[in-house]
Amino acid sequence: MLAIALPVGFGLIVLALLLNLYRLLRGPTLPDRALALDTMYINAIALIVLYGIATDGKLYFEAGMLIALIGFVSTVAVAKYMTRGDIIE
Amino acid sequence: MSRLLPFPMLSLLLWLSWLLLNGFSWGHGLLGLVLAVVLPLGTRPFWPNVPRLRDFLKLVRFVLVVHWDIITANLVVARLILGSPRKLRPAFVEMPLELTDDFAITLLTSTISLTPGTVSADVSEDRRTLLIHALDMDDEAALVAQIKQRYERPLKEIFEC
Amino acid sequence: MNQVVEFLVSAAILVGGVFALVGSIGLARLPDFYLRLHGPTKATTLGVGGTILASLLFFSWREQALQLQEVLIALFLFITAPVSAHMLAKAAMHRELKRREDTRGRPWKQ
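Residue numbers (my numbering), protein chains in the order written: chain A, -19 to 69; chain B, 544 to 704; chain C, 14 to 123.
To be clear, the hints were calculated from the coordinates, so they are not data collected in a lab. All residues carry an ideal CB built from backbone N, CA and C; glycine is no exception. A couple of the hints might just be wrong.
Claimed, not checked - Among the chain B residues that face chain C by a calculated CB cut under 7 Å, a handful are:
1) L555
2) L559
3) L574
4) L576
5) N617
6) A621
7) I624
8) G626
9) S627
10) P633
11) F635
12) V636
13) P639
14) L657
15) D665
16) L686
Stated by the list, open to error - Result set (BS3-like, lysine-lysine): computed pairs, CA atoms no more than 30 Å apart in a straight line:
17) K630/B <-> K699/B
18) K122/C <-> K630/B
19) K699/B <-> K111/C
20) K630/B <-> K111/C
21) K699/B <-> K122/C
22) K691/B <-> K601/B
23) K111/C <-> K122/C
24) K601/B <-> K699/B
25) K60/A <-> K111/C
26) K60/A <-> K122/C
To be verified - Not everything, but these chain C residues come out facing chain B in the computed CB check (under 8 Å):
27) I38
28) T54
29) V84
30) L85
31) A98
32) H99
33) R117
34) G118
35) W121
36) K122
Only chain A is shown next, with the shape it has when bound in the complex (with noise of 0.2 Å):
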């Protein structure tokens, strides 16, 4: 049963990503740009997790958690440039 989960769920969240990576190049706003990263990474999360189960690593969880923090925090500097023109005042 897992040998055809894995697979599809490998599939949708692809699926997914390129869907970002179109909201990404299409824009049309710098703000859509910056929310489509922020998806983007979060996605990126749940496909390592998913790797982790493929290859029965446990050294996944420490890639995923440092996209997690690294992620956001780029997400609230990019947010914060936007309506501050400053990241940190």
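Place chains B and C on chain A using the hints.
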């Protein structure tokens, strides 16, 4: 006690996340305990006034309600997203806030963003009004009343008098 | 591997994948920024939630002990997703992005 542990809940959370990150063992339990005491002491000046937790059971109930709402909300939002975008009735709504504490307001706005078709967009300077964007709103008064009854009142009971 | 556990893990993976996809479909097809904001903040968190639940069940079964560290990722995302949505909404209002004409109410000046 209160001088050594200014924020007992924060210390408990830190200790638990240290153990979750590193696995359960005596060594990490001890190291985590040291960090759980030292980190809140060291960062104390940065923390705003954190309200006292008045009712732990109500907090647990609130967390369960929110999780349930997140799951149902996702089904509702999924249907809206996959349906025709023409049928959506988007709206900006201003909601008067009864909560006064910054931390409680943060919890409320986060809850609103995670649940049915609403994203909190802004809080006014004086902390009296909350701006919410709704994906598909039928009746403004009903939406505000629902948020107040389901999330704001419990939060008020948990943190304030 | 136990049939029941395998079924639960597979179901969690599929639920997670479907919700991640639905959130991204919302991002791709909804007409204005404020509407697009709704997809990622909800559907995607549940999407990651589903895969993390799957991973939790899978490794807990394999090691025959409760493995809770994946929960940290989910917890972190549940705390941060509303914050980034809030910041992006503020940025959008600051830039006075167009909204669909039939939107009731109006955003605040930033």
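task = Could you check the structure against the hints above and give me the numbers of any it violates, in ascending order?
result = 1, 2, 3, 4, 8, 9, 13, 16, 17, 19 and 36
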